[in-house]
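J.: Sequence:
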Amino acid sequence: MPVDAGYASLSDNLLVVTIMAYAVAMLLYAVEYAFGDRGRVAAAAAVVAPSEHAARVLVGAGGPSSMSDPTGVVPTAAPSRRRMLAFGRMAVFLTVVGWAAHLGCLTFRGLAVGRAPWGNMYE
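Mapping the sequence shown onto this note's numbering, position 37 (from 1) lands on 73, and the numbers just tick up by one.
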């Protein structure tokens with residue numbers, strides 16, 4: 037049975053889009069996991085109870101009167117929560133794009149060969 041070259045080429049291109057979308061989504065998921073919040077349970081555990089906090093109060097012992105750093109070095113802040121949420125949303129979006137391209141790849145491969153593409157798709 038002849039293979040429709042146009043549909044086959046479109047299927048090949050959609051496969052490349054699928055792989056790229058999944059790969060970039062995987063990297064964005066990794067960034068969100070590495071630098072993002074650890075979830076509600078960790079956030080709740082990080083909150084110190086008021087009575088426990090009051091028991092650990094220390095008294096001043098002649099330090100500088102202001103909270104500024106005398107060396108002038110500004111500490112670097114952790115990545116913002118909003119930015120990490122954006123990385124997560126982009127990862128989910130690219131996963132959906134990859135899934136849609138994957139579905140299109142299978143559909144056009146099936147149309148190219150004139151049957152369901154469950155066997156050897158690239159014959």
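Please keep in mind that the hints were generated in silico from the structure rather than gathered at the bench.
Be careful, since some hints might not be right.
If you anchor each label on the Cβ, the simulated ranges turn out as follows [as the list claims (entries may be wrong)]: (1) R118 with L147: 42 to 52 Å; (2) A41 with R118: 44 to 54 Å; (3) G42 with A122: 35 to 45 Å; (4) P38 with W135: 50 to 60 Å.
Even for Gly, the Cβ is constructed at its ideal location relative to N, Cα and C.
J.: Go through the numbered hints given earlier and state which of them the structure violates, listing their numbers in rising order.
T.: The structure breaks only hint 4.
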